[in-house]
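Participant: Okay, here's what each chain looks like letter by letter:
There are 2 protein chains.
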Amino acid sequence: MGKRQLLLMSSSAVHGFGYLEHAESDLTSFLKHNSVQEVLFVPYALTDHDGYTERVGSVLRKLGFGCTGIHTAPDPVRAVQTAQAIYIGGGNTFLLLDTLYRRQLVGPIRERVLQHGVPYVGSSAGTNVATRTIQTTNDMPIVQPASFEALALVPFNINPHYLDPEPNGTHKGETRPERINQFHELNEAPVLGLAEGTALFVDGDRATLVGPQPAVPGTPYDARLFRKGEESVLYKVGSDLSFLLRE
Amino acid sequence: MGKRQLLLMSSSAVHGFGYLEHAESDLTSFLKHNSVQEVLFVPYALTDHDGYTERVGSVLRKLGFGCTGIHTAPDPVRAVQTAQAIYIGGGNTFLLLDTLYRRQLVGPIRERVLQHGVPYVGSSAGTNVATRTIQTTNDMPIVQPASFEALALVPFNINPHYLDPEPNGTHKGETRPERINQFHELNEAPVLGLAEGTALFVDGDRATLVGPQPAVPGTPYDARLFRKGEESVLYKVGSDLSFLLRE
Numbered sequence: 005m006g007k008r009q010l011l012l013m014s015s016s017a018v019h020g021f022g023y024l025e026h027a028e029s030d031l032t033s034f035l036k037h038n039s040v041q042e043v044l045f046v047p048y049a050l051t052d053h054d055g056y057t058e059r060v061g062s063v064l065r066k067l068g069f070g071c072t073g074i075h076t077a078p079d080p081v082r083a084v085q086t087a088q089a090i091y092i093g094g095g096n097t098f099l100l101l102d103t104l105y106r107r108q109l110v111g112p113i114r115e116r117v118l119q120h121g122v123p124y125v126g127s128s129a130g131t132n133v134a135t136r137t138i139q140t141t142n143d144m145p146i147v148q149p150a151s152f153e154a155l156a157l158v159p160f161n162i163n164p165h166y167l168d169p170e171p172n173g174t175h176k177g178e179t180r181p182e183r184i185n186q187f188h189e190l191n192e193a194p195v196l197g198l199a200e201g202t203a204l205f206v207d208g209d210r211a212t213l214v215g216p217q218p219a220v221p222g223t224p225y226d227a228r229l230f231r232k233g234e235e236s237v238l239y240k241v242g243s244d245l246s247f248l249l250r251e
Numbered sequence: 005m006g007k008r009q010l011l012l013m014s015s016s017a018v019h020g021f022g023y024l025e026h027a028e029s030d031l032t033s034f035l036k037h038n039s040v041q042e043v044l045f046v047p048y049a050l051t052d053h054d055g056y057t058e059r060v061g062s063v064l065r066k067l068g069f070g071c072t073g074i075h076t077a078p079d080p081v082r083a084v085q086t087a088q089a090i091y092i093g094g095g096n097t098f099l100l101l102d103t104l105y106r107r108q109l110v111g112p113i114r115e116r117v118l119q120h121g122v123p124y125v126g127s128s129a130g131t132n133v134a135t136r137t138i139q140t141t142n143d144m145p146i147v148q149p150a151s152f153e154a155l156a157l158v159p160f161n162i163n164p165h166y167l168d169p170e171p172n173g174t175h176k177g178e179t180r181p182e183r184i185n186q187f188h189e190l191n192e193a194p195v196l197g198l199a200e201g202t203a204l205f206v207d208g209d210r211a212t213l214v215g216p217q218p219a220v221p222g223t224p225y226d227a228r229l230f231r232k233g234e235e236s237v238l239y240k241v242g243s244d245l246s247f248l249l250r251e
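Sequence order for the protein chains is A and B. Residue numbers for the first sequence, in the numbering used here: 5 to 251. Residue numbers for the second sequence, in the numbering used here: 5 to 251.
Because the hints were derived from the structure by calculation, they are not lab data. It is possible that some hints are incorrect.
Identical copies go unnamed one by one, so any copy, or any two together, can satisfy a pair.
Pairs of lysine-lysine residues, derived as BS3-like cross-links and limited to a Cα-Cα distance of at most 25 Å, are as follows [said to hold, decoys possible]: (1) K66 x K176; (2) K240 x K176; (3) K36 x K66; (4) K176 x K232; (5) K7 x K36.
The following block holds chain A by itself, in its conformation from the complex (with noise of 0.2 Å):
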C-alpha cells in the first residue's frame, strides 16, 4: 500500500463556510503533491450529474485543477483506468454504490488506488464507499447494491459528519454513537467517526486527521473512534491514525 492516496473528507459543507471552502487548503496541497491536473469526477450519488459536476468544478477549476464528470465518458471504466485523480463526491451512499457495481467500476477504482497510486478524494458518501462497507452511512436505503461491500481503500469503516448527541436533546430515536454500537455487536471493524470539516489524510501507510482548526467550532472533538467492546476515543486535527491501517 506504499502507493496509497486518500483524501477521505467527512463533508462539503461545514458551518460558516461555503461550498468545499473549508478544504481548499488541504484539497489543493493534496492534487498538488501528487502533480494533479485534471480530476475524474463521480457524481453518482446524486441524480443530477451535470449540475453536480459543475458545482465541484468550478471549485477546482478556482484551485486551478481541470475536472471531468465520469458520467460524459464514452467508457467509464476506461476514464477511471485514464485518470490522474479520482474524486467521488457525496449524496446517497446506496445509489453511489449501485451505480459503481452496476458500471463495473469498483474493481477498477480498487485498482488504479491502490495498485497505481492514483489519488482518491471522498468527500461523504464519497468517504463511506472508500472504506470496507457502507454499513455506517447516514443514508436513507433508496436503493438496493448487490453488495455493501465497497472500494476497502482502508480496513475499517468511518462515519461522516459525525457528531456527539446533544446534551439536552428531547429526540428518542437512535444516537449516532448507539448506531455505531449497533454496528459493533454484528461486525467487528473500527468505526471512525468525522466531525463535519475534519478529513483522513492517507499518505501510503500513514493516516493523519486533517482540516480547519478547529474543525467545529463549539465541539470539544475533531474524530471520535469507536472499537468493539471499548470506550470510544476522541481524536483532534494532527493526529497519527496511522494504526488504523494496520488492523
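Place chain B on chain A using the hints.
Facilitator: Coordinates of chain B only, in the frame set by chain A:
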C-alpha cells in the same frame, strides 16, 4: 383488507413519558377491541431477545395482557400461525428484516394479518417493516437483508421518529425532508413521517392518526406526508388518512 388491524407507532420512547407510556391508552383499546389476551412479541430488531421481551412484556402485563417472545417458540412460523396478536418492536430495521427473511416469517406474518385479521402492533423498526419497504428507515445498514421489500401491510412508506429540521441548526448532514426527497427521486410511494408519540391506526380500509395531544410538545406537526414532486402536508392527531390505503 376488511379485516386488517394495525397500530403502527413512530416510537416506543417519547420525551416526557416512560417507556411505551404515551401509547398505553391506544395500545390497550386496540388490543381489547380485538379481544386479545396474549401477544406474540418479536424482539429481532435488537440482539438481547430475552431482555427486550421482558421490557415490553412488563408493560403489556401491567395493561392486562400476556406476552411471549417468538424467540422462545420451538417453531416461529407455527407461533405466528397461532398468535392472537403480533407485536414487532423497534431497534435496527436491517437486522429485523434480515431475521424475518432468514426465519421465513415474512409470508406467514403477512398472511395472518391481511387474510386472518390478526392484530399487528409495530414500533419504529417494527413500523418500517410493516410498510412496502424499509427504504425510509433512519437506521444504519449493519446487515444486508435479502431484499428491502417488507411486509407491505400498507401500500406506502413510513418514516418513524420523524422530525423537521432545526431552524437554526449548524449540522450540514442531510435533513430528514432532504433524505425523503432523495427517496422520491427514485421511488413513487408516499412517505408518511410520523413524529415521535404518534401512531397510525388502521382498521380495515380506514386509517387515523392517533396519539396524545399534543404528541410532541413544542412542534407544530404530528405527521408530515411527502409525495413525489409535491409540497409536503402537515396532519394533526385525529386526521383521517384513509386515502393513503387506496393508493
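Participant: Evaluate each hint against the coordinates.
Facilitator: Evaluated hints:
| no. | hint | verdict |
| --- | --- | --- |
| 1 | K66 x K176 | between (43 Å within a copy, 23 Å between copies) |
| 2 | K240 x K176 | between (29 Å within a copy, 20 Å between copies) |
| 3 | K36 x K66 | within (14 Å within a copy, 67 Å between copies) |
| 4 | K176 x K232 | within (23 Å within a copy, 27 Å between copies) |
| 5 | K7 x K36 | within (16 Å within a copy, 67 Å between copies) |
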